[in-house]
Amino acid sequence: MIMRLESIGVLFPDYTFDWRGSQQIIKSIYTLRNLFVVKGNKNTSKVSEAIERNHVDPFLHFRHAKADFRQAKEPEAAPPAAEPAPREPALPSSPSLPRIARHLASASPSSPRAARRLDRGHTADDEEFWTWAQAGPPSVRRCLDFTKLYRTELQDGPRKYMMAIVSGGLNQQRNQVVDAVVIARIIGAVLVVPVLQVNQVWGDESEFEDIFDAGWFKETLKDDVRVVSSLPATHLMKRRVRAPVMPFDAGEDWVRSNYVNKLSTSSVLLLRAFDSRLAKNLTSDLQKLRCKVAFEALRFQPWIEELANRFVKRMKEEGPYVALHLRLEKDVWVRTGCHSGLGPQSDIVIANERASKPQFLTSRTKLTPQQRHIAGLCPLNANEISWMLEGLGASKNTRIYWAGGEPFGGPNALEPLRSQFPKLSNKWDLARPGELEGLKQKPSVLAAVDYEVCLKSQLFMASHGGNMARSLQGHRTYMGYGKPIRPNKRMLVRLFTNNALSDEEIKKNIKQIHTEPSDSALLSHANPNRDVIAFPIPHCMCTKEK
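In terms of UniProt numbering, the sequence shown is numbered consecutively and its last residue is 546.
There's no promise every hint is true.
To be verified - Listed below are the simulated DSS-like cross-link pairs for lysine-lysine, each with C-alpha atoms no more than 25 Å apart in a straight line:
1) K427 x K440
2) K508 x K396
3) K396 x K511
4) K507 x K483
5) K440 x K330
6) K222 x K316
7) K483 x K544
By construction, these hints were calculated from the structure, which means they are not laboratory data. All figures in this text were calculated on a predicted structure; none of them were measured in a lab.
Start from the sequences and build out the full structure, keeping to the hints where you can.
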């Protein structure tokens, strides 16, 4: 590879290059030279395409570079010979390195976090952190005051049945169950307890009654929708009528005009493929019904709750705890089109998987992984979460429960987080012999356990959006539990890549941009068109004085 010496000098004026370095390092520096030095270059997109084509993430290769650079010194008399200090596989801390390079390169679990770690000494306890995290006495309360018209609309009459098949992971299925109840209410159908479709990724064959308390579900909704466990004998052999495919953002009028005429006493309406298609801005009564289903009717089986409560008790033995939902599984990196921060070899694995299964990529926009990261579209990895927690004031004593599946990269993927927060546990760490026996092949049950432990934490944060994060956000608000933290990923990237900010300023900004408004402010400025499952204010909550 041919590379001009001045491009090295522009990037690293304080360093001399050891030509024993690898060709890969030269390639990385050349790529960075194009990204950071050549301004106004019309061929920038071609550089990005070359990176994608060759599976090269130039930022991450910096962690290999220190062994091939040494800081230049002014000519002077040779100092007395001394034993050389061990050389760390970390980035030089020189400010001449672009902060984004140091930030992204240090995302590898094999490198120390000193390259872009907030310079904060861990305090002896978490008093300051938990004082900040304390939500304070809630100024709003649960408020499901249905109108008189809604309460009188449910009347006896000929029974017309509707079946719903819900798909996806546990929390995706939960949301579809909520919408199935709302649809049954709109068209006046008797709802058969929904069927949980076996997920191709998780392979869990659990049925509704295996995970949720079906008796409680029916009893809680008896004044809203008639729910039965199964079709009566008179309808077992009756024709199934497929409901028309629901368009996105379908409202009540669309549901009535397309589904009511399909309901019949001589057939059964079959509803499927309706995930996230029902409009978010329904009438206030139906929004309240959504909250009632999601936060009151959908209760897990007693044995699942009892198991989760044991883990909650163990986590609270030394005080409050933070719950993290980590989206670090292999399929998450494939679907988001992002780099995992685990190095070029891992990026190649993900790129190959994505190329073989293009339908898995959630976003169809032509963005490179770097562009996705800068836009705040990527999950936070363990390293970035560690930085964020430090910025919020967490210490080595902070107890953390992490929920989620097996991280891509195995235990090493969590090492940046565990090294700074050693009191990091998940359900497998907390379980005693036999407690989780037979559940490895039941990912939906394990997800239910995670949900409950996260629900009852003092502070909850997710590394990425998703159904579980949104459901927990709304559920915790509805129950008046601890403060939710929604990482502002775009702002975090800007902070970590801003060379003008000191570490102290970064810490201050991290806390400022993640300070939630008060309940009363949320009530007065709430957007009624937002997803009520994630934002139950104002439809499902009101001031305590009301």
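Now for the hints, and whether the structure bears them out:
no. : hint        : verdict
1   : K427 x K440 : 12 Å, holds
2   : K508 x K396 : 19 Å, holds
3   : K396 x K511 : 18 Å, holds
4   : K507 x K483 : 19 Å, holds
5   : K440 x K330 : 18 Å, holds
6   : K222 x K316 : 36 Å, violated
7   : K483 x K544 : 19 Å, holds
Going down the numbered hints, you'll see the structure goes against just number 6.
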